[in-house]
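Residue numbers (my numbering), protein chains in the order written: chain Y, 190 to 354; chain U, 190 to 354; chain B, 190 to 354.
It is possible that part of the hints are untrue.
A short, non-exhaustive set of chain Y residues, derived as facing chain U with CB atoms under 7 angstroms [stated by the list, open to error]:
#	residue
1	Gly284
2	Ser290
3	Cys317
4	Ser329
5	Lys333
6	Asp342
Each pair of labels, with its calculated beta carbon distance range [to be verified]:
#	chain 1	residue 1	chain 2	residue 2	range
7	B	Asp219	Y	Gly258	46 to 52 angstroms
8	B	Arg293	Y	Gly248	51 to 57 angstroms
9	B	Arg293	Y	Glu296	36 to 42 angstroms
10	B	Glu296	U	Asn289	31 to 37 angstroms
11	Y	Ser247	U	Glu294	42 to 48 angstroms
12	Y	Gln253	B	Ser329	51 to 57 angstroms
13	U	Gly220	Y	Asn291	25 to 31 angstroms
Chain B stretches covered by chain Y per the calculated footprint, using a threshold of three residues with CB under 8 angstroms from any CB of chain Y [unchecked claim]:
#	region
14	283 to 295
15	298 to 307
16	316 to 326
Hints in this document: simulated from the structure, not taken from any laboratory.
Glycine is no exception: its CB is placed at the ideal position from the N, C-alpha and C atoms.
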Amino acid sequence: MTAVRNKLAAGLSREDLHTFYDAYFETLDDGRLNDWLDYFVDDCVYRIIPRENYEAGSGLCTMQADSKGMLFDRVQIVLKTMVFAPRYYRRFYSGLRVVNSNDREFEVRQNVVVVQTLLNKPSEILACGVGHDRLSLDGSRGLKFVERTLVLDSEMISSSFIYPA
Amino acid sequence: MTAVRNKLAAGLSREDLHTFYDAYFETLDDGRLNDWLDYFVDDCVYRIIPRENYEAGSGLCTMQADSKGMLFDRVQIVLKTMVFAPRYYRRFYSGLRVVNSNDREFEVRQNVVVVQTLLNKPSEILACGVGHDRLSLDGSRGLKFVERTLVLDSEMISSSFIYPA
Amino acid sequence: MTAVRNKLAAGLSREDLHTFYDAYFETLDDGRLNDWLDYFVDDCVYRIIPRENYEAGSGLCTMQADSKGMLFDRVQIVLKTMVFAPRYYRRFYSGLRVVNSNDREFEVRQNVVVVQTLLNKPSEILACGVGHDRLSLDGSRGLKFVERTLVLDSEMISSSFIYPA
Numbered sequence: 190m191t192a193v194r195n196k197l198a199a200g201l202s203r204e205d206l207h208t209f210y211d212a213y214f215e216t217l218d219d220g221r222l223n224d225w226l227d228y229f230v231d232d233c234v235y236r237i238i239p240r241e242n243y244e245a246g247s248g249l250c251t252m253q254a255d256s257k258g259m260l261f262d263r264v265q266i267v268l269k270t271m272v273f274a275p276r277y278y279r280r281f282y283s284g285l286r287v288v289n290s291n292d293r294e295f296e297v298r299q300n301v302v303v304v305q306t307l308l309n310k311p312s313e314i315l316a317c318g319v320g321h322d323r324l325s326l327d328g329s330r331g332l333k334f335v336e337r338t339l340v341l342d343s344e345m346i347s348s349s350f351i352y353p354a
Numbered sequence: 190m191t192a193v194r195n196k197l198a199a200g201l202s203r204e205d206l207h208t209f210y211d212a213y214f215e216t217l218d219d220g221r222l223n224d225w226l227d228y229f230v231d232d233c234v235y236r237i238i239p240r241e242n243y244e245a246g247s248g249l250c251t252m253q254a255d256s257k258g259m260l261f262d263r264v265q266i267v268l269k270t271m272v273f274a275p276r277y278y279r280r281f282y283s284g285l286r287v288v289n290s291n292d293r294e295f296e297v298r299q300n301v302v303v304v305q306t307l308l309n310k311p312s313e314i315l316a317c318g319v320g321h322d323r324l325s326l327d328g329s330r331g332l333k334f335v336e337r338t339l340v341l342d343s344e345m346i347s348s349s350f351i352y353p354a
Numbered sequence: 190m191t192a193v194r195n196k197l198a199a200g201l202s203r204e205d206l207h208t209f210y211d212a213y214f215e216t217l218d219d220g221r222l223n224d225w226l227d228y229f230v231d232d233c234v235y236r237i238i239p240r241e242n243y244e245a246g247s248g249l250c251t252m253q254a255d256s257k258g259m260l261f262d263r264v265q266i267v268l269k270t271m272v273f274a275p276r277y278y279r280r281f282y283s284g285l286r287v288v289n290s291n292d293r294e295f296e297v298r299q300n301v302v303v304v305q306t307l308l309n310k311p312s313e314i315l316a317c318g319v320g321h322d323r324l325s326l327d328g329s330r331g332l333k334f335v336e337r338t339l340v341l342d343s344e345m346i347s348s349s350f351i352y353p354a
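For reference, chain Y alone in the conformation it holds in the complex:
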């Protein structure tokens, strides 16, 4: 019974999912943004949106990319900006759950908190929210994001939060 339950679908286990997200967040924590692009399919959607907008059905996003090309452009901007504003981001996630799946895709959600540390300042919560993701599984490529929508509980994210999560 347990063995069956742990195999979510199409040969994917909860362990595989955690392995994917552990590596995903580590890549971001380390600031390896060019590697981060590899977690997305070419025809991806990536969005950061305040919860109020999300729940009101508004498409007004803090950050939006409708393809891997747009995500690449965003990454170049972030990498330049980081030079002028030294700070660390560290991500913690909890409650990783498959909410839907079929043969090719998985809908996954998870809570995320981003802890920020500015130079000579104590660590503090920068943002808190939930990721609503669609993942595809391809035998050769492994898991990739088809869509990632990060819904943030607060609208009070400083405009400096152009860094992805």
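Following the hints, put chains U and B in place on chain Y, whose structure we already have.
Relative to chain Y, chains U and B alone:
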């Protein structure tokens, strides 16, 4: 060896436990309090208690319900109160561990941090503590709380924290 | 495929790793520092170091012990200090990942946030960082730390943070 260790008792694996708590906290994060009641047996105990009281053996709780009926009453009050104080709660847990078990019950503990976001305010830690739980496993109903005692490290929880975790 | 992937090496599964770290952090959260020593081999290295020093290749640590004996001495000091400064620490970890392994050792990293609660104060983030660990697996003793280096994002940890994580 590994396979044996991962099967905790009575056909329950660590994966099953995580699946249960992931869904439990998601239900609370989403504010689906009536669904939340389904995680408890009829003859349940639910308590939120400051650590100082807990360690001193005092029964003085921030919130206490000695049956699912009392929990239901509490839920109705919370749902009314929420109307006047819009805010978001999001829960993160870590260190889920079975500390004891027999054929019918599991004693489980886990660290919990509740992040609160008020309207037009940054996200912040509302409460931090540890859950000391007893779970029962019934083939047809799955896992349910027989008892959940959430011990909070701080006594300084604002009186508005009547929302469960 | 999944079964193979979940068995990391030398009979160690991701579940075994989580079980180890869950117990490790719980021991610290409970303040059982003498039990905490049991998680290390005799010839261990334990370090807490600010990220700036770590990335600059500096050996300047907030705390350093080059053997279990030195760790024991440190524990005695901490236990005495705690009497005068009542507070609670609670640890949350995320992103536990094996980054390297051979037949005898595992290199593991994980994000850690320590939440502090002072008497009559709200809970707050004390420190945030990443653990870079080397673990050895011995059939009879189980997992032990050969090395644990906790790299903290902030240098602004109050001097009272002599408590390990």
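Going down the list of hints, with the structure as the test:
{"no.": "1", "hint": "Gly284", "in the structure": "holds, 5 angstroms"}
{"no.": "2", "hint": "Ser290", "in the structure": "violated, 14 angstroms"}
{"no.": "3", "hint": "Cys317", "in the structure": "holds, 4 angstroms"}
{"no.": "4", "hint": "Ser329", "in the structure": "violated, 27 angstroms"}
{"no.": "5", "hint": "Lys333", "in the structure": "violated, 23 angstroms"}
{"no.": "6", "hint": "Asp342", "in the structure": "holds, 4 angstroms"}
{"no.": "7", "hint": "B:Asp219 x Y:Gly258: 46 to 52 angstroms", "in the structure": "holds, 51 angstroms"}
{"no.": "8", "hint": "B:Arg293 x Y:Gly248: 51 to 57 angstroms", "in the structure": "holds, 54 angstroms"}
{"no.": "9", "hint": "B:Arg293 x Y:Glu296: 36 to 42 angstroms", "in the structure": "holds, 41 angstroms"}
{"no.": "10", "hint": "B:Glu296 x U:Asn289: 31 to 37 angstroms", "in the structure": "holds, 33 angstroms"}
{"no.": "11", "hint": "Y:Ser247 x U:Glu294: 42 to 48 angstroms", "in the structure": "holds, 47 angstroms"}
{"no.": "12", "hint": "Y:Gln253 x B:Ser329: 51 to 57 angstroms", "in the structure": "holds, 55 angstroms"}
{"no.": "13", "hint": "U:Gly220 x Y:Asn291: 25 to 31 angstroms", "in the structure": "holds, 28 angstroms"}
{"no.": "14", "hint": "283 to 295", "in the structure": "holds (count 4)"}
{"no.": "15", "hint": "298 to 307", "in the structure": "holds (count 3)"}
{"no.": "16", "hint": "316 to 326", "in the structure": "holds (count 4)"}
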